[in-house]
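So the protein lines, in turn, are chains A and B. Just so you know, we're using our numbering here: the first sequence kicks off at 1 and counts up by one. Just so you know, we're using our numbering here: the second sequence kicks off at 1001 and counts up by one.
Please keep in mind that the hints were generated in silico from the structure rather than gathered at the bench. C-beta: ideal position from N, C-alpha, C; glycine also. One or more of the hints may lead you astray.
Said to hold, decoys possible - Partner residues aside, some chain B positions facing chain A, computed with beta carbon under 10 Å:
#: 1; residue: Phe1017
#: 2; residue: Met1048
#: 3; residue: Glu1093
#: 4; residue: Gly1112
Unchecked claim - Across the chosen pairs, the derived CB separations fall in these ranges:
#: 5; chain 1: B; residue 1: Pro1085; chain 2: A; residue 2: Lys74; range: 36 to 42 Å
#: 6; chain 1: A; residue 1: Asp79; chain 2: B; residue 2: Asp1100; range: 22 to 28 Å
#: 7; chain 1: B; residue 1: Arg1007; chain 2: A; residue 2: Asp79; range: 27 to 33 Å
#: 8; chain 1: B; residue 1: Tyr1069; chain 2: A; residue 2: Gly88; range: 25 to 31 Å
#: 9; chain 1: B; residue 1: Tyr1069; chain 2: A; residue 2: Glu8; range: 47 to 53 Å
#: 10; chain 1: B; residue 1: Tyr1069; chain 2: A; residue 2: Tyr99; range: 45 to 51 Å
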Amino acid sequence: MKIKTIVELLNAEVLAGADKLDTDVHSACGCDLLSDVLAFVKEQAVLLTGMCNPQVVRTAVMMDMRCIVFVRGKVPGQDVIDLAEEHGLVILTSDERMYSACGKLYQNGLAAGSVIDD
Amino acid sequence: MTKEPLRFHFDICGENFTSAGEASVSIKRILRQIGISPDIIRRVSIAMYECEINMVIHANGGTADVDVYTDKIILTLKDEGPGIPDLELAMQEGYSTAPDSIRSLGFGAGMGLPNMKKYTDVMDIKTEVGKGTTVTMTVFL
Ligand SMILES: Nc1ncnc2c1ncn2[C@@H]1O[C@H](COP(=O)(O)OP(=O)(O)OP(=O)(O)O)[C@@H](O)[C@H]1O
Ligand SMILES: [Mg+2]
């Protein structure tokens, strides 16, 4: 799925990475617990989250993710947006709630992907 | 012939959580510039990020040194915080003493130390209650 399809499905606003909406992504995860993202996420390119602080972007950068979707209309500070631009991350914000945002993407073929389990 | 490592030093401010992780972001950028493979970069930067966050949350900051050799990267994170009274317990998944204020920011699941161990080849922790903690992690290239 292209990131621009996510924008359409979630009626999202693009806050960073407007030039990268043609990027293809194959899996996503919805998570507010950044500890879990760092510990269990493996290859998910999209992070949907209701958490809105600089650590969300730093965590996504560490995990080589491509896109963050802030749900429930959350908008991060400019510092966070700048950090995302620098690392080539797309940042979206959508009024959808977490459950429906994830549901819409899943229903339209964006997979959950695998997680590390050991 | 042993070549001198490339050394990078960071002071990690323990005052505010907002800046926690900046050193790890810098290291990620540096490693990319010097051409380290993406897989290694990811492992090194996740381990350092977890450790940096720990120093800010649990130990009021400290220092981070990253030494890049031709065959390995060594991370040394040192603080003068409270130390870890029971290291074996702290290493268990799910053990955390993080306060609610930190949990509400998305951390404090007790996954950091096990995760650091998982992503690095060698991890050594020297800790003394009341003195501080030094974590040394090695990733072979
Ligand atoms: N540098 C440190 N100084 C003092 N105590 C520490 C330090 N690092 C870890 N600890 C102790 O070890 C516990 C476990 O650390 P760990 O990183 O595994 O989990 P956490 O930081 O509490 O949560 P998470 O990493 O999942 O966000 C901490 O809750 C804390 O009590
Ligand atoms: Mg931790």
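Now the hints, each set against the structure:
1. Phe1017: With a closest approach of 8 Å, the B/Phe1017 hint holds.
2. Met1048: holds (9 Å)
3. Glu1093: Hint on B/Glu1093: holds, closest Cβ of chain A at ~8 Å, below 10 Å.
4. Gly1112: holds (7 Å)
5. B/Pro1085 to A/Lys74: 36 to 42 Å: This hint holds: roughly 38 Å between Cβ atoms.
6. A/Asp79 to B/Asp1100: 22 to 28 Å: Roughly 25 Å apart at Cβ, these two residues keep to the hinted range, so it holds.
7. B/Arg1007 to A/Asp79: 27 to 33 Å: holds (28 Å)
8. B/Tyr1069 to A/Gly88: 25 to 31 Å: holds (29 Å)
9. B/Tyr1069 to A/Glu8: 47 to 53 Å: holds (48 Å)
10. B/Tyr1069 to A/Tyr99: 45 to 51 Å: This hint holds: roughly 48 Å between Cβ atoms.
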